[in-house]
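Asker: Work out the full structure: start from the sequences and follow the hints.
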Amino acid sequence: MTAEATAGTVVRTHPQIQSDLMKSRVAAAMWFLVPMLVALAIVAGWPLLRTIYFSLTNTSLNNLYGGDFVGFKNYLSWTTLKSGRTVFSGLLVDPAWWNAVGNTLRFAVISVTLETVIGMIVALVLNAEFKGRGIVRAAILIPWAIPTIVSAKMWSWMLNDQFGIINDLFLSLGIISQKVAWTATAETAMTAVLIVDIWKTTPFMALLILAGLQMVPKDVYEAAKIDGVHPVKVFFKVTLPLVRPAVMVAVIFRLLDAMRIFDLIYVLTPNSKATKTMSVISRENLFDFDKFAYGSAQSTLLFLMIAVMTGLYIWLGKVRFDGGDR
Amino acid sequence: MRMKSLMLGLLAGVSAVATVQAADLQIVLGDTGTGLQFLQGQIERYQAANPEDKVTIVPMPSSTSDQFGQYKLWLAAGNTDIDVYTTDVIWAPQLADHLTDLTEATKDIIGGYFPAIVESQTANGKLVALPSFTDAPALYYRKDLLEKYGKSVPKTWDELAATAKEIQDGERAAGNKDMWGFVWQGNAYEGLTCDALEWVKSSGGGQIVEPDGTISINNEKAAAAIDRAKGWVGTISPDGVLAYGEEESRGVWQLGNAVFMRNWPYAYGLGNGDDSAVKGKFDVTTLPIGAEGDAPAATLGGWNLAVSKYSPDQEAAIRLVKFLSSPDEQKRRAIEQTNLPTLVATYDDADVAAKAPIIPLWKDVFLNAVPRPSGPTGLKYNEVSSLFWSAVHDTLSGNGTGAENLELLEAKLTELKGDAW
Numbered sequence: 001m002t003a004e005a006t007a008g009t010v011v012r013t014h015p016q017i018q019s020d021l022m023k024s025r026v027a028a029a030m031w032f033l034v035p036m037l038v039a040l041a042i043v044a045g046w047p048l049l050r051t052i053y054f055s056l057t058n059t060s061l062n063n064l065y066g067g068d069f070v071g072f073k074n075y076l077s078w079t080t081l082k083s084g085r086t087v088f089s090g091l092l093v094d095p096a097w098w099n100a101v102g103n104t105l106r107f108a109v110i111s112v113t114l115e116t117v118i119g120m121i122v123a124l125v126l127n128a129e130f131k132g133r134g135i136v137r138a139a140i141l142i143p144w145a146i147p148t149i150v151s152a153k154m155w156s157w158m159l160n161d162q163f164g165i166i167n168d169l170f171l172s173l174g175i176i177s178q179k180v181a182w183t184a185t186a187e188t189a190m191t192a193v194l195i196v197d198i199w200k201t202t203p204f205m206a207l208l209i210l211a212g213l214q215m216v217p218k219d220v221y222e223a224a225k226i227d228g229v230h231p232v233k234v235f236f237k238v239t240l241p242l243v244r245p246a247v248m249v250a251v252i253f254r255l256l257d258a259m260r261i262f263d264l265i266y267v268l269t270p271n272s273k274a275t276k277t278m279s280v281i282s283r284e285n286l287f288d289f290d291k292f293a294y295g296s297a298q299s300t301l302l303f304l305m306i307a308v309m310t311g312l313y314i315w316l317g318k319v320r321f322d323g324g325d326r
Numbered sequence: 001m002r003m004k005s006l007m008l009g010l011l012a013g014v015s016a017v018a019t020v021q022a023a024d025l026q027i028v029l030g031d032t033g034t035g036l037q038f039l040q041g042q043i044e045r046y047q048a049a050n051p052e053d054k055v056t057i058v059p060m061p062s063s064t065s066d067q068f069g070q071y072k073l074w075l076a077a078g079n080t081d082i083d084v085y086t087t088d089v090i091w092a093p094q095l096a097d098h099l100t101d102l103t104e105a106t107k108d109i110i111g112g113y114f115p116a117i118v119e120s121q122t123a124n125g126k127l128v129a130l131p132s133f134t135d136a137p138a139l140y141y142r143k144d145l146l147e148k149y150g151k152s153v154p155k156t157w158d159e160l161a162a163t164a165k166e167i168q169d170g171e172r173a174a175g176n177k178d179m180w181g182f183v184w185q186g187n188a189y190e191g192l193t194c195d196a197l198e199w200v201k202s203s204g205g206g207q208i209v210e211p212d213g214t215i216s217i218n219n220e221k222a223a224a225a226i227d228r229a230k231g232w233v234g235t236i237s238p239d240g241v242l243a244y245g246e247e248e249s250r251g252v253w254q255l256g257n258a259v260f261m262r263n264w265p266y267a268y269g270l271g272n273g274d275d276s277a278v279k280g281k282f283d284v285t286t287l288p289i290g291a292e293g294d295a296p297a298a299t300l301g302g303w304n305l306a307v308s309k310y311s312p313d314q315e316a317a318i319r320l321v322k323f324l325s326s327p328d329e330q331k332r333r334a335i336e337q338t339n340l341p342t343l344v345a346t347y348d349d350a351d352v353a354a355k356a357p358i359i360p361l362w363k364d365v366f367l368n369a370v371p372r373p374s375g376p377t378g379l380k381y382n383e384v385s386s387l388f389w390s391a392v393h394d395t396l397s398g399n400g401t402g403a404e405n406l407e408l409l410e411a412k413l414t415e416l417k418g419d420a421w
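Protein chains in written order, with my numbering: chain A, 1 to 326; chain B, 1 to 421.
There could be a bad hint or two in this list.
[Claimed, not checked] No farther apart than 25 angstroms at their CA atoms in a straight line, the calculated lysine-lysine pairs in the DSS-like style are these:
1. A:Lys179 <-> B:Lys177
2. B:Lys148 <-> B:Lys177
3. B:Lys412 <-> A:Lys82
4. B:Lys281 <-> B:Lys151
5. B:Lys165 <-> A:Lys179
6. B:Lys230 <-> A:Lys179
7. A:Lys273 <-> B:Lys230
8. B:Lys355 <-> B:Lys331
9. B:Lys412 <-> A:Lys273
10. B:Lys155 <-> B:Lys363
11. B:Lys148 <-> B:Lys363
12. A:Lys82 <-> B:Lys417
13. B:Lys151 <-> B:Lys177
14. B:Lys363 <-> B:Lys331
15. B:Lys412 <-> B:Lys221
16. B:Lys279 <-> B:Lys177
17. A:Lys73 <-> B:Lys412
18. B:Lys143 <-> B:Lys155
19. B:Lys107 <-> B:Lys322
20. B:Lys417 <-> A:Lys73
21. B:Lys309 <-> B:Lys107
22. A:Lys273 <-> B:Lys417
23. B:Lys363 <-> B:Lys322
24. A:Lys131 <-> A:Lys218
Hint data in this document are derived by calculation from the structure and do not stem from the laboratory.
Answerer: Structure follows, in structure tokens:
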């Protein structure tokens, strides 16, 4: 991400550079970038190309180098039966895959929306002057700092139907009348995953938005105060437009992150059809089932989806920079 | 690149030195209950006998599905760190390519093991793992509660449900609000395949895929058996049973909050531990049957020890595997862990009969053991199992009836099978 953005800036400003000094500076900058580009090519580029290649073969995990090239058969293939009926098979017509795509998109949209709203509220609170603000700011980051596997395991015990503290709490408060099996039933499994994800990532959102809020000049607020503008109106007319770039960046980051959600679901509800996401289902095919090539095809599609989203983001970002206020 | 080859050279040097001086072995284990502590004790005894070897335990999660994914990944990558794998009874055909053939090393002792178990660990004529203990589940029941309500031990699943309901309601009326009738393993994972195979098989519904490879699951008896289990969820079993594995159901049981439990033998010893609320209050029997004339069924489980083909210390690894499955260790395991021995002779051992009376009792259960279709389906077994447990889990969560889901399952299995398994 950063690499592309930096490289893009360099290329775009290049034609305007005339002096020899600038030219040599750009050349030097390129040399400084080389180690990182090489590292990226080794740790990201090569595995990616391998995965795409595997998706076009019939490789199995037991024999990684013995696969034959089969073209796009893993994605879509068809056979015409004697009766003249054509039967399609492959990833593009696999209901389990599309169910996973649906789950992922639903998860991404709902979690990011809620995280943005709650994160904004938290950021506004933290932006206000009060005693002990530093401690609160540090404390709120704790959920983000705990490794996902640990927090997911912790939540899975808290959500356990018989021994879990959540059921105990809700029962004593009278919110529920009997113990709810949060992670077991299809209706509540996604909610459980969303709750944990929101708990975990809201701090990240809040922090990014807070950074944006602190860039807003104080005098704008003073002017609004003197003019007697209602605080709600100040928020929508002044604060929101000014922090929008920061929020946009945060939302895109989170969205890309949410699209490849894996660890949380793998720990909390690994085999529930209601929460299986693209990453979870592709891991299952890659390692649990003897379908390494098919799993690679799923990984490739997931990569393409995220690549399109990233492209869209860069494009949107460019339009905003060139066209001024958008 | 130079850096890398330098490091590889260093590593090779280190391991070469290690082979000469002493073997540094890593054994992976994912177990339930106190399995890990027990293995630690075993390793200490091994090291006392073989002070030149250093053995490290790498603990894994208790879900067999989780373990399998990791092991397969390690083995496919030719991981040289792990020398000995604890393998589930169903994995032999799937991992066979990566495991050392133990036939030659065990030819003088293999005659003492149950032939059926040895057979299950033989793939393409290779003995890929040495059976360390076998497993066959049973029905755990609270004898104090059955006595209190004047009930006999249930013979059929319907009797079990009726008894469970009556005692559960009675106990709840008496103030024990957390009481449940029957706990089992309903999470969507390998354990559900075991549980559901028992319901189906004991009702005369076949064993999903027959030994000759025929897909037999789509039949009325199987559908009725799964629908019957659906009727338990929320009535005699908590809704949460749909997310339970072995340890969750044991948790409910061991707190004294269940009348019946379906579980493996390891829960027997733990249930009689000093911290257990059901100590001395329960007994075990064979799992119920569908109706008069059916035979009880218990899914054959069990754990084996396999040596990775990629282990640099083959000799020491085989020595460790043989030690861990030796008669002395199996006897100790039977007494301390109530794990079923894989050596025929241990069942008739007087010490075992005195200290773990459950072991001779289990011979009955063991005789009724039904294997999962891992043999006929080979490399595709995991997917078969996953399709089966998904169909069952869907039915249990009220997502379609047993008949509908099994019809769909048959279609999927047929497609998966293709021309041959």
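Asker: For every hint, state whether the structure bears it out.
Answerer: Right, here's what the structure says about each hint:
1. A threshold of 25 angstroms between alpha carbons decides the hint, and for lysine 179 of chain A with lysine 177 of chain B the separation of about 11 angstroms falls inside it, so the pair holds.
2. For the hint pairing lysine 148 of chain B with lysine 177 of chain B, the CA-to-CA distance comes to about 18 angstroms; that is within 25 angstroms, so the pair holds.
3. With a C-alpha separation of about 21 angstroms, the suggested pairing of lysine 412 of chain B with lysine 82 of chain A holds against the 25 angstroms cut-off.
4. With a C-alpha separation of about 15 angstroms, the suggested pairing of lysine 281 of chain B with lysine 151 of chain B holds against the 25 angstroms cut-off.
5. For the hint pairing lysine 165 of chain B with lysine 179 of chain A, the CA-to-CA distance comes to about 18 angstroms; that is within 25 angstroms, so the pair holds.
6. For the proposed pair lysine 230 of chain B and lysine 179 of chain A, the alpha carbon gap of about 19 angstroms is at most 25 angstroms, so the pair holds.
7. Taken as a hint, the lysine 273 of chain A and lysine 230 of chain B pair is honoured in the structure, with Cα atoms around 18 angstroms apart against an allowance of 25 angstroms.
8. The straight-line distance between the Cα atoms of lysine 355 of chain B and lysine 331 of chain B is roughly 10 angstroms, inside the 25 angstroms bound, and the hint therefore holds.
9. Restraint check for lysine 412 of chain B and lysine 273 of chain A: the C-alpha separation of about 16 angstroms stays at or below 25 angstroms, so the hint holds.
10. Between the alpha carbons of lysine 155 of chain B and lysine 363 of chain B the distance comes to roughly 18 angstroms, so the proposed pair stays at or under 25 angstroms and holds.
11. Of the supplied pair hints, the one linking lysine 148 of chain B and lysine 363 of chain B is violated, its CA atoms being roughly 29 angstroms apart against a limit of 25 angstroms.
12. Between lysine 82 of chain A and lysine 417 of chain B, the direct Cα distance comes to roughly 20 angstroms. Compliance with the 25 angstroms bound is thereby established for this hinted pair.
13. This hinted pair checks out: lysine 151 of chain B and lysine 177 of chain B have alpha carbons roughly 21 angstroms apart, not beyond 25 angstroms.
14. Proximity of lysine 363 of chain B to lysine 331 of chain B is assessed by CA-CA distance (about 15 angstroms); at most 25 angstroms being required, the pair is judged to hold.
15. As the CA atoms of lysine 412 of chain B and lysine 221 of chain B are separated by approximately 20 angstroms, the hinted pair is consistent with the 25 angstroms bound.
16. Distance restraint check for lysine 279 of chain B and lysine 177 of chain B: the Cα-Cα separation of roughly 21 angstroms lies within the 25 angstroms cut-off, and the hinted pair is therefore satisfied.
17. Restraint check for lysine 73 of chain A and lysine 412 of chain B: satisfied, since their Cα atoms lie roughly 19 angstroms apart, inside the 25 angstroms limit.
18. Using a Cα cut-off of 25 angstroms, the hinted pair lysine 143 of chain B and lysine 155 of chain B holds, with the two alpha carbons roughly 15 angstroms apart.
19. Distance check on the hinted pair: lysine 107 of chain B and lysine 322 of chain B sit about 11 angstroms apart at the alpha-carbon level, within 25 angstroms; holds.
20. For the hint linking lysine 417 of chain B to lysine 73 of chain A, the alpha-carbon distance of about 18 angstroms falls within 25 angstroms, and the restraint holds.
21. Between the alpha carbons of lysine 309 of chain B and lysine 107 of chain B the distance comes to roughly 19 angstroms, so the proposed pair stays at or under 25 angstroms and holds.
22. Distance check on the hinted pair: lysine 273 of chain A and lysine 417 of chain B sit about 23 angstroms apart at the alpha-carbon level, within 25 angstroms; holds.
23. Among the hinted pairs, lysine 363 of chain B with lysine 322 of chain B is consistent with the structure: their alpha-carbon atoms are about 24 angstroms apart, no more than 25 angstroms.
24. The hinted pair formed by lysine 131 of chain A and lysine 218 of chain A meets the criterion: a straight-line CA distance of about 20 angstroms does not exceed 25 angstroms.
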